[in-house]
Amino acid sequence: MCSTVLLVHRESKNMLECGMLIRDKKALRSRSTVLLKELEVDALLLQCLQTEEILTENMAESIMAEQTSHNRSWRLLNLLPKRGPRAFSSFCSALRETEQQHLCDLLMQSQEQHDRETHVDNSASSAIPLSTQEETPAKRTRTEESMEFSLTADSPISSPVLPCSHEFYLSRYKQSYRMNSTPRGFALVISNVTFDPHMAPELDQRKGGEVDDEVLRKVFTELGYPVAVHRDLTAQAMRTCIENFCMRPDHRTVDSCVVCVLSHGVEGAVYGTDGQLLQLDWLFDAFDNAHCPLLQNKPKIFFIQACRGDEMDCGVEQLDGPGRTGREQPDAGREGQGDADLKRMDLGTPRVKLPQRSDMICGFASLKGQSICTAAMRNTKRGSWFIQELNSALRLRAKDTHLADILVQVNGRIKEREGYAPGTAHHRCKEMSEFTSSLCKDLYFFPKHQSQY
Numbered sequence: 238m239c240s241t242v243l244l245v246h247r248e249s250k251n252m253l254e255c256g257m258l259i260r261d262k263k264a265l266r267s268r269s270t271v272l273l274k275e276l277e278v279d280a281l282l283l284q285c286l287q288t289e290e291i292l293t294e295n296m297a298e299s300i301m302a303e304q305t306s307h308n309r310s311w312r313l314l315n316l317l318p319k320r321g322p323r324a325f326s327s328f329c330s331a332l333r334e335t336e337q338q339h340l341c342d343l344l345m346q347s348q349e350q351h352d353r354e355t356h357v358d359n360s361a362s363s364a365i366p367l368s369t370q371e372e373t374p375a376k377r378t379r380t381e382e383s384m385e386f387s388l389t390a391d392s393p394i395s396s397p398v399l400p401c402s403h404e405f406y407l408s409r410y411k412q413s414y415r416m417n418s419t420p421r422g423f424a425l426v427i428s429n430v431t432f433d434p435h436m437a438p439e440l441d442q443r444k445g446g447e448v449d450d451e452v453l454r455k456v457f458t459e460l461g462y463p464v465a466v467h468r469d470l471t472a473q474a475m476r477t478c479i480e481n482f483c484m485r486p487d488h489r490t491v492d493s494c495v496v497c498v499l500s501h502g503v504e505g506a507v508y509g510t511d512g513q514l515l516q517l518d519w520l521f522d523a524f525d526n527a528h529c530p531l532l533q534n535k536p537k538i539f540f541i542q543a544c545r546g547d548e549m550d551c552g553v554e555q556l557d558g559p560g561r562t563g564r565e566q567p568d569a570g571r572e573g574q575g576d577a578d579l580k581r582m583d584l585g586t587p588r589v590k591l592p593q594r595s596d597m598i599c600g601f602a603s604l605k606g607q608s609i610c611t612a613a614m615r616n617t618k619r620g621s622w623f624i625q626e627l628n629s630a631l632r633l634r635a636k637d638t639h640l641a642d643i644l645v646q647v648n649g650r651i652k653e654r655e656g657y658a659p660g661t662a663h664h665r666c667k668e669m670s671e672f673t674s675s676l677c678k679d680l681y682f683f684p685k686h687q688s689q690y
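Numbering (our numbering), first residue to last: 238 to 690.
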């Protein structure tokens, strides 16, 4: 009798040390179909699990490297049963933190059902079988109250920017843009969140926009850029701010620059808080080889978070389209007349002839086409889709991926996303980002690497 008790104790101890409790495994298994269809695995959820030491950094990175939402969920669900007895409770906490309470509730119901059963299956596998017979319950609708009180839990929490290895730097630096100055360059973020109700009555507050500019400030600071953030500027104040930035004499000593503009917009322009438009062509001209000679032959990086029209992309039905959570709004504004171009200064003729514009790359949150200019989607608590995905990709991939490929990956993430806002025009909406490039070399940030060359 004693030996039997001792054996049970040892088995129980080993189970606690090595894997998940049987009832927790069964709860995950019984809800696998729902989880695979509805679980949103993003940087925030993985960061919660990393903080609890359930996942390692390499595990989180390998999950995010999966190209589809289904594959990211499948990989996570197969890892969890092997990550110890705390993995289930930590996963439930992460679901609550990422506004997926309905999935947490389903798992807890399964746990309670198991507790009521008299028979316990001690041979449960640690793998998650993909059940095909379970009926999928409808997602719970997020209430206004639950959204408004989730700001702290819903704030973007990101893992640190992964560092570039010295070996990788040595293998790439010769064929890439020079990127080893300290700092790497200077970054400017202009974020218009609140618009003048008298001068621009048709432009709503961009709820969630303040999250975006903080996300950008943090990620580019970690990438080695001092970041200046300016919020709620009129069109003229935006021009003045950009002029002052591109005239900085210390551009001479750095290897690049970053400019981010976040606002309502139309094709070819973004709005100031006074309802006047700043033309994007003027912005790019301000940094071209004639008007910003200190940045000649250096990469100039732009990100534009704004609509390029007010037409909603309703998407095309697909069999396994994932549902997405959050309250979505477009960054569209109203049509208006552009402001006069800046009177340019004569900065002289460079010794070697260059094209007027070169060495630029610009990521746009929304798509421009011959017959459609689309709206950019923004979650009122977590910020815009584009900035969320850009932040995640930079943190995970900047260490060994050049920027053009990072933006391809961002496009892939945006393509998968779908709005979840029942009862509104934005429910099941889609977005597609794009980028343009006149880069002449690969552009690596080489994060946290100090060159000796």
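If you are wondering where the hints come from, they were derived from the structure by calculation, not from laboratory data.
Among the hints, a few may not be true.
No farther apart than 30 Å at their CA atoms in a straight line, the calculated lysine-lysine pairs in the DSS-like style are these [unchecked claim]: (1) 590 to 411; (2) 455 to 444; (3) 274 to 652; (4) 605 to 535; (5) 444 to 605; (6) 455 to 685; (7) 455 to 319; (8) 605 to 411; (9) 274 to 444; (10) 444 to 535; (11) 685 to 605; (12) 319 to 274; (13) 535 to 678; (14) 444 to 678.
Pair by pair, the computed Cβ-Cβ distance ranges are [claimed, not checked]: (15) 326 to 688: 21 to 29 Å; (16) 466 to 403: 39 to 47 Å; (17) 411 to 289: 54 to 62 Å; (18) 591 to 435: 39 to 47 Å; (19) 490 to 290: 37 to 45 Å.
Heads up, the beta-carbon is just placed ideally off N, CA and C, and yes, glycines get one too.
Structure-based check of each hint:
1. 590 to 411: holds (23 Å)
2. 455 to 444: Within the cut-off at roughly 19 Å; holds.
3. 274 to 652: holds (17 Å)
4. 605 to 535: Satisfied, since the Cα-Cα distance of roughly 26 Å is no more than 30 Å.
5. 444 to 605: holds (24 Å)
6. 455 to 685: It holds: about 14 Å lies between the C-alpha atoms, which stays within 30 Å.
7. 455 to 319: violated (33 Å)
8. 605 to 411: The given pair, whose Cα atoms are some 35 Å apart, is violated under the 30 Å limit.
9. 274 to 444: Distance ~28 Å between residue 274 and residue 444 Cα, so the pair holds.
10. 444 to 535: Between residue 444 and residue 535 the Cα gap is close to 35 Å, so the pair fails against 30 Å, i.e. violated.
11. 685 to 605: violated (35 Å)
12. 319 to 274: Judged against 30 Å, a Cα distance of about 22 Å means the pair holds.
13. 535 to 678: Roughly 10 Å separates the two Cα atoms, so the pair holds.
14. 444 to 678: Cα-Cα ~37 Å, so violated.
15. 326 to 688: 21 to 29 Å: Since the Cβ atoms of residue 326 and residue 688 sit about 45 Å apart, the hinted range of 21 to 29 Å is violated.
16. 466 to 403: 39 to 47 Å: violated (32 Å)
17. 411 to 289: 54 to 62 Å: violated (42 Å)
18. 591 to 435: 39 to 47 Å: Roughly 45 Å apart at Cβ, these two residues keep to the hinted range, so it holds.
19. 490 to 290: 37 to 45 Å: holds (42 Å)
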